[in-house]
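> Going down the list, the sequences are from chains W and R. Each residue of the first sequence is one higher than the one before, counting from 1 in my numbering. Each residue of the second sequence is one higher than the one before, counting from 1 in my numbering.
Worth flagging that the hints you see were computed from the coordinates, not collected in a lab. Take the hints with a grain of salt, since some may be wrong.
Examples of chain W residues lying across from chain R (beta carbon under 10 Å, computed) [said to hold, decoys possible]:
#1 I23
#2 D26
#3 I37
#4 K59
#5 H63
#6 V65
#7 E74
Calculated pairs, DSBU-like style, for lysine-lysine (alpha carbon to alpha carbon, straight line, at most 35 Å) [as the list claims (entries may be wrong)]:
#8 W:K57 with W:K21
#9 W:K57 with R:K87
#10 W:K59 with W:K21
#11 W:K49 with W:K59
#12 R:K87 with W:K49
#13 W:K21 with W:K49
#14 R:K87 with W:K59
Owing to the predicted nature of the structure, the values given are computational and were not obtained by experimental measurement. C-beta atoms are modelled at their ideal positions from N, C-alpha and C, and glycine is treated no differently.
Here's the letter readout for the chains.
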Amino acid sequence: MCLQHATSWRARGRYHRVAMKPIRTDFRGYEGQYVAIDARSGEVVIADKDPRVVFEKAKGRNHVVVHGRVPTAEEPIYVGLG
Amino acid sequence: MADRPPLPWLYPYREDAQSTRLDGPVFRPFVPVSLLHGGQSTLLLTGLIDTGADSVLASNLLAEQLEIDIDDHDGETTHAVGGRVVKARYKTIGMRLHPSDADESRYVQWEAQVGFIEGWHSDGLVLLGSVGFLDRFTITASRFAQAVAVEEREAFDDRFGVVEIG
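Modelling step: build the complete structure from the supplied sequences, incorporating the hints.
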């Protein structure tokens, strides 16, 4: 992953910015389940309805981060947690 | 403890499972963290940097993983989190911040009071608030750059000078 970013101006005043891209994850199909993600790719690598199962399966797997529960479509979006 | 790695560390914003805002993805400043107590440590967890939170909060399921006797706590209080009132029981434990690629062997470690909450809405999520995290580092979050930078806490004074009161 490129951790550098730069800014440049193009002709005709158009602003062009080469920036760090956010890590995307496709959570579709995992609604209601706990997931763990490969931090380098954003790919879901473990999923289960029981968080303890996800914790167990993630043991010893470097670069894998337990993300939490994927909400269902009916659940509200948190605007801030603190 | 491992040699303290040089900061800053840069983290791209990450997509939250709570998609979608107006049918678009929700990106948040997530960083990989782990918790330690005694000889136990958690897996790598998703830390959400939250300037609106007073403290570090996590699921009591993680206290269970760390074999912490949560009844033997440092103190307890109630918080309003995500529209709910929850009770947090605090315990001083070790915390680690890992780089963006979540390499478990690279980390910055410190001690912090963590509030463990029963019925936390997402057991892998650790809320990184003021006391215990934002008092340890200088954080620069930019949704424009789509990244967050974690620097030594003295970086703020180096950049802006010491802010005098009054």
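> Among all the numbered hints in the text so far, which are the ones the structure does not match?
7
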